[in-house]
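Q: Sequence:
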Amino acid sequence: MRQIWKPFRALYFASLMMLIGSGLLSTYLGLRLAADHVDSLWVGALMAANYFGLVLGGKIGHRLIARVGHIRAYSACAGIVGAAVLGHGLVDWLPAWIFLRVIVGLGMMCQYMVIESWLNEQAEASQRGTVFSGYMIASYLGLVLGQLILVMHPALGLELLMLVALCFALCLVPVALTRRIHPAPLHPAPMEPRFFIKRVPQSLSTVLGAGLIIGSFYGLAPLYASQQGLSTEQVGLFMGSCIFAGLLVQWPLGWLSDRYDRALLIRCFALFLAVAALPLAIMKQVPLEVLFIAGFLCALVKFCLYPLAVAFSNDHVEGDRRVSLTAMLLVTYGVGASIGPLVAGVLMKMFGSQMLYAFFSFFALVLVWRIRPKAVTNLHQVDDAPLHHVAMPDSMSSSPLVACLDPRVDEQVVQDQMHSPVNPEPSPEPEAETETTPPPEDPDTGREQSFTEARP
1 MRQIWKPFRA LYFASLMMLI GSGLLSTYLG LRLAADHVDS LWVGALMAAN YFGLVLGGKI
61 GHRLIARVGH IRAYSACAGI VGAAVLGHGL VDWLPAWIFL RVIVGLGMMC QYMVIESWLN
121 EQAEASQRGT VFSGYMIASY LGLVLGQLIL VMHPALGLEL LMLVALCFAL CLVPVALTRR
181 IHPAPLHPAP MEPRFFIKRV PQSLSTVLGA GLIIGSFYGL APLYASQQGL STEQVGLFMG
241 SCIFAGLLVQ WPLGWLSDRY DRALLIRCFA LFLAVAALPL AIMKQVPLEV LFIAGFLCAL
301 VKFCLYPLAV AFSNDHVEGD RRVSLTAMLL VTYGVGASIG PLVAGVLMKM FGSQMLYAFF
361 SFFALVLVWR IRPKAVTNLH QVDDAPLHHV AMPDSMSSSP LVACLDPRVD EQVVQDQMHS
421 PVNPEPSPEP EAETETTPPP EDPDTGREQS FTEARP
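The opening position of the sequence shown corresponds to residue 1 in full-length UniProt numbering, with each subsequent residue numbered one higher.
In the DSSO-like style, the derived pairs of lysine-lysine whose C-alpha atoms are separated by at most 30 Å in a straight line are:
(1) 374 / 198
(2) 284 / 349
(3) 198 / 59
These are computed hints drawn from the structure, not numbers from a lab. All values derive from a computational prediction rather than experimental measurement.
Let the hints inform the model, and build the full structure from the sequences given.
A: Below, the structure written as structure tokens:
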């Protein structure tokens, strides 16, 4: 492990500092607006703008890196993000803050691309799983530490914005001082939305639901906790404990995912989330102990939905399409995370802060209704399914290039599809549908064929 850690410690440090800054900024802005008694709609709009920037950066980042190179692109984006962060302290006009959040999201996505392409370049094929795990741990740990800064420095002054800018300045150092050559330029992962909507509809539904829920959590949970009467230190502890729960659950989740039907697990976790969120959704004023316990339990299951959906979709997609699948899943997640904070913010403004967890409970129930294990045909299930479960960071801390590090994606496929021009011709439509779509008609009789149900 030490031999693997040493070559990547600079990139892990850069990721850690980026996520400390990002996590602190999101919570700080929510608490700052809560202290100024700003409508929750604006808080949700700020987080939606951040995710919109992340999605937009996934399209722009490749062109920037190809034009000026990895180090220059990373340095420029770190400088722009740092300037955008400090811009929040120079102007109080909320539309300007929304624009700055788009810039922060866009710049961070370009930085993720540089780090992930560099990790892929340096990792041997046998190391990809371990390198990927280290990257995920650094990402989650950074988000947790960003919340704990609020415990040590509860004053919501400009000092916290300076700390965020300091983190983005420090994340620049290990990349700027590297003596390694530039990684090979990577092309955008090809997108095949029509194919995947027909092939893995249940997985896409789960990813969209996870984006709605987790995007709303990052943006509005600090506001909710503040409106429950928590101090700044307590809000930091609440957010830190919830994000730590997301890290803590990944390894038990992997054990369950490799042994039980993944569609059934998604449905069970969604049902558990709906039940766990009910106390916070019903009670206008929640005792501190109930708030921390219920919030921790909700986080345990809501951070399971995205990695389970990724594993479930990979079971039903051939190896040469998994690069495209990763891009499709991250874009779907980003769309959900852009919409969720806006909708939840409106509900909180109209009906009270408890509507945040009512929002969680509702969409968890939608997933319980949408995910039907018995409707899984397994018609396109790959021969070695279920594939080994891999703990996945959400799209707040990864880019479409994360497919290069996913050990379920064959390295040669990455080389063929992302190091050479993408074929512009549309991919052929699948001959039959899978996951949840209705069974096709028999061409001879005109009657519906029946397939096997979910795998045991």
